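Enquirer: Each chain, written out:
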Amino acid sequence: MNDLIVKTVTKLIMPFIQLYGIYVILHGHLSPGGAFAGGAIMGASYILYTLAFGIHEGHKKAPHEITSKIESGGILFFIGLGLVGIVSGGFFLENLSAGFPPGVVGTLLSGGLIPLATFAIGMKVASTIVTLFHRTIEEEMYD
Amino acid sequence: MQILNVILIIFLIACALAVERTKDLIGAVIIFASYSLVMAIIWLLLRAPDIAMTEAAIGAGVTTILFIGVISRTRRMEK
Numbered sequence: 018m019n020d021l022i023v024k025t026v027t028k029l030i031m032p033f034i035q036l037y038g039i040y041v042i043l044h045g046h047l048s049p050g051g052a053f054a055g056g057a058i059m060g061a062s063y064i065l066y067t068l069a070f071g072i073h074e075g076h077k078k079a080p081h082e083i084t085s086k087i088e089s090g091g092i093l094f095f096i097g098l099g100l101v102g103i104v105s106g107g108f109f110l111e112n113l114s115a116g117f118p119p120g121v122v123g124t125l126l127s128g129g130l131i132p133l134a135t136f137a138i139g140m141k142v143a144s145t146i147v148t149l150f151h152r153t154i155e156e157e158m159y160d
Numbered sequence: 003m004q005i006l007n008v009i010l011i012i013f014l015i016a017c018a019l020a021v022e023r024t025k026d027l028i029g030a031v032i033i034f035a036s037y038s039l040v041m042a043i044i045w046l047l048l049r050a051p052d053i054a055m056t057e058a059a060i061g062a063g064v065t066t067i068l069f070i071g072v073i074s075r076t077r078r079m080e081k
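Line by line, the protein sequences are chains A and B.
To convert, count from 1 in the first sequence and add 17; that's this note's numbering.
To convert, count from 1 in the second sequence and add 2; that's this note's numbering.
Derived by calculation from the structure, the hints in this document are not laboratory data.
Do not take every clue at face value.
To be verified - Keeping only pairs whose Cα atoms sit at most 20 Å apart, straight-line, the calculated SDA-like set for lysine to any residue is:
id: 1; chain 1: A; residue 1: Lys86; chain 2: A; residue 2: Thr153
id: 2; chain 1: A; residue 1: Lys28; chain 2: A; residue 2: Lys86
id: 3; chain 1: A; residue 1: Lys24; chain 2: B; residue 2: Gly63
id: 4; chain 1: B; residue 1: Lys81; chain 2: B; residue 2: Leu19
id: 5; chain 1: A; residue 1: Lys77; chain 2: A; residue 2: Asn19
id: 6; chain 1: A; residue 1: Lys28; chain 2: B; residue 2: Gly63
id: 7; chain 1: B; residue 1: Lys25; chain 2: B; residue 2: Val72
id: 8; chain 1: A; residue 1: Lys78; chain 2: B; residue 2: Val64
id: 9; chain 1: A; residue 1: Lys24; chain 2: B; residue 2: Ile67
id: 10; chain 1: A; residue 1: Lys78; chain 2: B; residue 2: Lys81
Just so it is clear, the structure is predicted and the values come from calculations on it, not from any experiment.
Model the full assembly from the supplied sequences, consistent with the hints where possible.
Expert: Put into structure tokens, the structure is as follows:
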């Protein structure tokens, strides 16, 4: 598959898709959407790149070693956030009474640990979708 | 507004039946993508915009591509 129009449009549109994904992830506690929807949009941008440029280029753009590290790191960060509540004497994933700052209602930095947890889950979902897609079609790499 | 809802639901049922009846698996996957798209519109009309975004990204995008990837590994026609 070697189409100039598809490749050029993919290069042009990919940063905007990723910017929209990051916007949806970071505004998860303010507007519709959240970690899962934003992570799916982020992962879909890498799938689009792989479809346009082939599995070799896609694997260079999102190597399996890095995406698996991001995937594990995201969920470990989320569990660590939950353990902060236990360490401070409360329950798992305890929010404001565990010492997280409440912030100003309606701004980006508000809601205690919710933005951090949303960011961690968003990174995990994005890298999971990329890893799933690359694992499904990667046999063609070794032909 | 109610007319639109009825039309969308009828389209949804027709898509679900067609996916089950189609022997060509690629065609079934494309019909399933249109099912997800109409389902996203219905989620939006039911005032669940976050579910609508997820349905449009996962149902119409990623699931379709994963299905096509799996079909390209196996055979195209159902026996």
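Enquirer: Given the hint that B:Lys25 pairs with B:Val72, test it: the Cα-Cα distance must not exceed 20 Å.
Expert: holds, 16 Å
Enquirer: Within a Cα-Cα threshold of 20 Å, do A:Lys28 and B:Gly63 meet the stated pairing?
Expert: holds, 19 Å
Enquirer: Measure nothing beyond the straight line between the CA atoms of A:Lys28 and A:Lys86; if it is 20 Å or shorter, mark the hint as holding.
Expert: violated, 26 Å
Enquirer: For the pair supplied as a hint, A:Lys78 and B:Val64, is the alpha-carbon distance within the 20 Å limit?
Expert: holds, 18 Å
Enquirer: Taking only the CA atoms, is the gap from A:Lys77 to A:Asn19 under or equal to 20 Å?
Expert: With a Cα-Cα distance of about 18 Å, the restraint between A:Lys77 and A:Asn19 holds, given a limit of 20 Å.
Enquirer: With the threshold set at 20 Å, check whether the alpha-carbon distance from A:Lys78 to B:Lys81 stays at or below it.
Expert: At roughly 39 Å apart (the allowed maximum being 20 Å), B:Lys81 and A:Lys78 break the hint.
Enquirer: For a C-alpha distance cap of 20 Å, please report whether A:Lys24 and B:Gly63 respect it.
Expert: holds, 19 Å
Enquirer: When you check the alpha-carbon spacing of B:Lys81 and B:Leu19, does it fall within 20 Å?
Expert: This hinted pair holds, its Cα atoms lying about 18 Å apart.
Enquirer: Do the alpha carbons of A:Lys24 and B:Ile67 lie within 20 Å of each other, as the hint requires?
Expert: holds, 18 Å
Enquirer: Below or equal to 20 Å on CA atoms is what counts here, so check A:Lys86 against A:Thr153.
Expert: Holds: A:Lys86 and A:Thr153 sit about 19 Å apart, inside 20 Å.
This entry does not satisfy hints 2 and 10, going by the numbered hints stated previously.
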